[in-house]
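Below, each chain spelled out in residue letters.
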Amino acid sequence: MDIYLLEAIINGILLGGVLALLALGLNLIFGVIDVVWIAYADLVMCGMYAIYWLYAELGWPLPLACLVAIAGVAGLGVLVHLMIIAPILGSAPINQLLATGGLLFFLQSFATLLFGTDFRNIGVRLPVIELGDIYISYARLLAFAVALIGAVALYVFLRRTFVGTAIRAIAQDRDIVGLMGVDQRRIYLVTSAIGGALAGLAACLLALQYDVHPFIGNTFGPLIFMICVLGGLGDMIGGFIAAFVISQIIAIGGYYTNTELSYVLAFTFFIVLMFVRPRGIFAR
Amino acid sequence: MSARHATLAVALGILVCVPLFTPPYFMHLLIQILLWGFVYTAWSMMGRFGFVSLGHGAFMGVGAYIPALLWNYYAVTPWIGIPLGVALSVLLALVIGYPCFRLKVVGHYFALVTLALSQVVMLSIVAARDVTGGSLGFTPNAVGFSWYALQFPDKRYFYAISLALWLGGLAVWRMIDRGIGREALEAISEDEDAAAAIGINVMREKLRVTVISAALTALGGAIFGQYLMYLNPETVSGIAVSLQIVFAAIVGGMYAMLGPTIGAFLTISLNEGLRVAFATNFIGAANTIYGVLLILCIIFMPRGIVGVVGRVRLRRPPAKAVPAE
Numbered sequence: 001m002d003i004y005l006l007e008a009i010i011n012g013i014l015l016g017g018v019l020a021l022l023a024l025g026l027n028l029i030f031g032v033i034d035v036v037w038i039a040y041a042d043l044v045m046c047g048m049y050a051i052y053w054l055y056a057e058l059g060w061p062l063p064l065a066c067l068v069a070i071a072g073v074a075g076l077g078v079l080v081h082l083m084i085i086a087p088i089l090g091s092a093p094i095n096q097l098l099a100t101g102g103l104l105f106f107l108q109s110f111a112t113l114l115f116g117t118d119f120r121n122i123g124v125r126l127p128v129i130e131l132g133d134i135y136i137s138y139a140r141l142l143a144f145a146v147a148l149i150g151a152v153a154l155y156v157f158l159r160r161t162f163v164g165t166a167i168r169a170i171a172q173d174r175d176i177v178g179l180m181g182v183d184q185r186r187i188y189l190v191t192s193a194i195g196g197a198l199a200g201l202a203a204c205l206l207a208l209q210y211d212v213h214p215f216i217g218n219t220f221g222p223l224i225f226m227i228c229v230l231g232g233l234g235d236m237i238g239g240f241i242a243a244f245v246i247s248q249i250i251a252i253g254g255y256y257t258n259t260e261l262s263y264v265l266a267f268t269f270f271i272v273l274m275f276v277r278p279r280g281i282f283a284r
Numbered sequence: 001m002s003a004r005h006a007t008l009a010v011a012l013g014i015l016v017c018v019p020l021f022t023p024p025y026f027m028h029l030l031i032q033i034l035l036w037g038f039v040y041t042a043w044s045m046m047g048r049f050g051f052v053s054l055g056h057g058a059f060m061g062v063g064a065y066i067p068a069l070l071w072n073y074y075a076v077t078p079w080i081g082i083p084l085g086v087a088l089s090v091l092l093a094l095v096i097g098y099p100c101f102r103l104k105v106v107g108h109y110f111a112l113v114t115l116a117l118s119q120v121v122m123l124s125i126v127a128a129r130d131v132t133g134g135s136l137g138f139t140p141n142a143v144g145f146s147w148y149a150l151q152f153p154d155k156r157y158f159y160a161i162s163l164a165l166w167l168g169g170l171a172v173w174r175m176i177d178r179g180i181g182r183e184a185l186e187a188i189s190e191d192e193d194a195a196a197a198i199g200i201n202v203m204r205e206k207l208r209v210t211v212i213s214a215a216l217t218a219l220g221g222a223i224f225g226q227y228l229m230y231l232n233p234e235t236v237s238g239i240a241v242s243l244q245i246v247f248a249a250i251v252g253g254m255y256a257m258l259g260p261t262i263g264a265f266l267t268i269s270l271n272e273g274l275r276v277a278f279a280t281n282f283i284g285a286a287n288t289i290y291g292v293l294l295i296l297c298i299i300f301m302p303r304g305i306v307g308v309v310g311r312v313r314l315r316r317p318p319a320k321a322v323p324a325e
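If you're matching them up, the sequences are chains A and B in order.
Residue 272 in this note's numbering is what sits at position 272 of the first sequence, and the numbering runs on without skipping anything.
Residue 14 in this note's numbering is what sits at position 14 of the second sequence, and the numbering runs on without skipping anything.
Just chain A, with the same shape it has in the complex:
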């Protein structure tokens, strides 16, 4: 096999890890609260700016900056739920989607207001690993590993703890759960916090690889929605697998053509698949 193709495939798998992490967060929120956060990728942008600001401007140590960013975005997730979703929980789902779309405008322009439109880099250069003729970026490998650990931690949390069980129960039937003595509002808050924290974790991993700018959410935000829908909205395992399918299309498509065309390919694949399997690839 062509060595560059192999490299593209490996990079695709590594990218898939971070996308899978984001898809998990979005799917968790959708499954439990039944809301699509259109501004989800922009929460990641906020996290990246937080890390940039704390680490590169204020000179905090990187791990501390990352922890604060994760906590900060988790808090932001709770705020989003309390201020935007909770007041309109009873109205049409599409209204909730659009309200978070307003948030997208707000976050992007607020970031422009604070930081300008410049591309900013936190300035951490991690080494590149050489495996024979293949070059793998350490930052991507780290991102992949941490994303997997995050996914497993989430799985264990949902399976092994009381709150996790309540979250899974509410995703199955939100009316009955109330009768079982579970406080829905509290579960919604916990879910929003976890969704936010996952976005914050993804921000830490992406900040090591990419420059941050106010509109970075537009570049991978639509991808995450496609992944969630492909896997079946709310189906976390489906979304996890779909993340790798999409990232492979982008990686291999990018190898044969160019970046934009590979995205066109991914979105077209998504549209066609929606017509073949409208409820997701793994729908039963």
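It should be emphasised that the hints constitute simulated quantities derived from the structure, not laboratory data.
Be careful, since some hints might not be right.
[What the hints assert, rightly or not] Simulated DEER-style distance windows between Cβ atoms:
| no. | chain 1 | residue 1 | chain 2 | residue 2 | range |
| --- | --- | --- | --- | --- | --- |
| 1 | B | Leu258 | A | Gly116 | 34 to 40 Å |
| 2 | A | Ala169 | B | Arg102 | 31 to 37 Å |
| 3 | B | Tyr230 | A | Arg277 | 37 to 43 Å |
| 4 | A | Arg277 | B | Ala171 | 39 to 45 Å |
| 5 | B | Ile198 | A | Arg279 | 35 to 41 Å |
| 6 | B | Ala194 | A | Gly116 | 49 to 55 Å |
| 7 | A | Thr219 | B | Val276 | 27 to 33 Å |
| 8 | A | Thr219 | B | Asp154 | 39 to 45 Å |
All C-beta atoms in this analysis are idealised placements derived from N, C-alpha and C, irrespective of residue type, glycine included.
For this one, chain A is given, so just place chain B on it according to the hints.
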């Protein structure tokens, strides 16, 4: 000749006379309000029945780029190029709409599929950078004043064209509103299966309104390109434009004929006002406030500004009819 007709005639008279006494800057704003108002009205023709499309940027992009590309590379007049662009948009709408409606892709799923469509069109324009100029944008060859090229350096011509287009859009809205199709579409948006059960051809009604909406949006995009003489994939297609269309229509009120136009008026004057107030020191200030307003609008008045005003007006007559106790 009722008072209502008289008011309409006066309003129309004022709009026609505007170019006589307006400075060019305000003409530019008015043209933008009319053109965007037209596009927002076109979107609302679907949106009001619950088909929330995030893909109208795709139709606008196709409608704007096709005539410009044909003009620059093959010297095809926009009089042929624009209908071709509109036709291509309609084709696109059918290719996406037919399977969506057949498979009952609705709500979130419909919004996200159409979102993917607008990304596909935007990224294709960027990817074909050898032809379209990619993210740097595309400038149609200017030839000065020409009916053949549909280029008029004098803003008054475009004012007249935009006004005519906007009035045409309102006429189409009225046609849909008055027709039997509206009842059918409202029934479909309430309950698709029940609508089908009473003999409504769900597929035909949905496709018809989708095609009309896509065609008008493409037409708006084409005239926009001709007016600005500059196209950019970010400003005529993609997620940003699609969301802009949806939000302005919602803020204004997508259930009333003039709602989307009022949305265009408010958003454009807000943007310009804030731009003048803050100058360029605060890029983003306008959109920050805009974003907050959007969220507030959707939470507190999902029927838009026109919806709120309308409800207040509706409430008044019964209050008069009931004698004070």
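Evaluation of the provided hints:
Restraint check, Leu258 (chain B) to Gly116 (chain A): a C-beta distance of roughly 38 Å satisfies the suggested window 34 to 40 Å. Checked against the given bound of 31 to 37 Å, the beta carbons of Ala169 (chain A) and Arg102 (chain B), roughly 35 Å apart, stay inside it. In this structure the hint that Tyr230 (chain B) and Arg277 (chain A) lie 37 to 43 Å apart at CB holds, the actual value being about 41 Å. Hint check: Arg277 (chain A) to Ala171 (chain B), Cβ distance near 41 Å, so the stated range 39 to 45 Å holds.
In this structure, Ile198 (chain B) and Arg279 (chain A) break the distance hint of 35 to 41 Å, their C-beta atoms being roughly 27 Å apart. About 53 Å separates the C-beta atoms of Ala194 (chain B) and Gly116 (chain A), a value consistent with the hinted range of 49 to 55 Å. Evaluation of the 27 to 33 Å hint for Thr219 (chain A) and Val276 (chain B) yields a pass: the beta carbon distance comes to about 31 Å. Hint check: Thr219 (chain A) to Asp154 (chain B), Cβ distance near 40 Å, so the stated range 39 to 45 Å holds.
Hint 5 from the list above is the single one not met by this structure.
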